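S.K.: Read off the chains here:
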Amino acid sequence: DVVLTQTPSTLSATIGQSVSISCRSSQSLLDSAGNTYLYWYLQRPGQSPQLLIYLVSNLGSGVPNRFSGSGSGTDFTLKISGVEAEDLGVYYCMQATHAPWTFGGGTKLELK
Amino acid sequence: EVQLVESGGGLVKPGASLKLSCVASGFTFSDYWMSWVRQTPGKTMEWIGDIKYDGSYTNYAPSLKNRFTISRDNAKSTLYLQMSNVRSEDTATYYCTRHILRVFDYWGQGVMVTVSS
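The listed protein sequences derive, respectively, from chains A and B.
Residue numbers are given in this note's numbering: position 93 of the first sequence equals residue 93, and the series is strictly consecutive.
Residue numbers are given in this note's numbering: position 10 of the second sequence equals residue 10, and the series is strictly consecutive.
Chain B with its partners taken away, still in its complex shape:
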């Protein structure tokens, strides 16, 4: 059974950094591109970016490129999202997703991040 389990969320102050993790199981992690998607409290969905199966290439939404970094450790079947200089508008639920041919076929349960002083 494919499982994606995010962690690392919580309450963080504006300007701080935070690193989210997503542990994958039930499939060969190193065979798949992976993405991060977030959902605001108002339910707006936003694609953050993705990373190639071997970690050699990343794409980002231009509005987030300078503050967010996606990485992976295939030996640990883990996907990461490094968030820096966070702002109140980064408050959201963050999902990791597996994708193939641009289809998000599996999603994690999501992890909440709240940015507030």
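For reference, chain A alone in the conformation it holds in the complex:
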């Protein structure tokens, strides 16, 4: 199975600070058709996960543009440009290039 390693595991930030989360894959997530099935989800406290980013860099519906995704191959990054209070929670990357689909271990974003 593909292993996704997220760093850091915990991130402390102040409101307005810009932060980045890394997701590193044990295999390339580029498939033979040229697609990279890498996603980012946010799980706020007490809630279900919600989609933030799909296919590496595309914003999900209704997701603020302070969120951005980048990367290729095995290295991917989620950036939040100006953390807001509603961004607190656990962020997960997920890959769907290789079966079985797998998730990273999560990064908890908390207020400093």
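Watch out, some of these pointers could steer you wrong.
[To be verified] Just a few of them, taken from the derived set where beta-carbon distance is under 10 Å, the chain A residues facing chain B:
1) Leu51
2) Val90
3) Thr97
4) Trp101
No wet-lab data here; the hints were simulated from the structure.
Predicted model only: the values in this text are computed from it and were never measured.
For every residue, glycine included, the Cβ atom is placed at its ideal position computed from N, Cα and C.
Got chain A sorted already, so can you dock chain B onto it with the hints?
M.R.: Quick look at chain B alone, frame taken from chain A:
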């Protein structure tokens, strides 16, 4: 409004069976692939498997394939997860999700399953 509502969880003994349901509303259920994803108490996320929109094809995580079965009833807009011979490590919150082009765009609120004697 898209809604996915899971039910059927609870406390179950090791070796027993349990069937979870997920009732969908707010969209044409029969147009979408659906998946089950679980989250352990330690917050680890695991994809269980998915089912094609017409129910004709399923995929499973290899580690769960022999004990878990996904099915659907499009007439009832309901997704199912049949769990058999459950183990303590199956203790988790189980989510049903809608997906399109491998994107989990909607998730249910989740249902807890606790496996303990």
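S.K.: Go through the numbered hints given earlier and state which of them the structure violates, listing their numbers in rising order.
M.R.: The structure breaks none of the hints.
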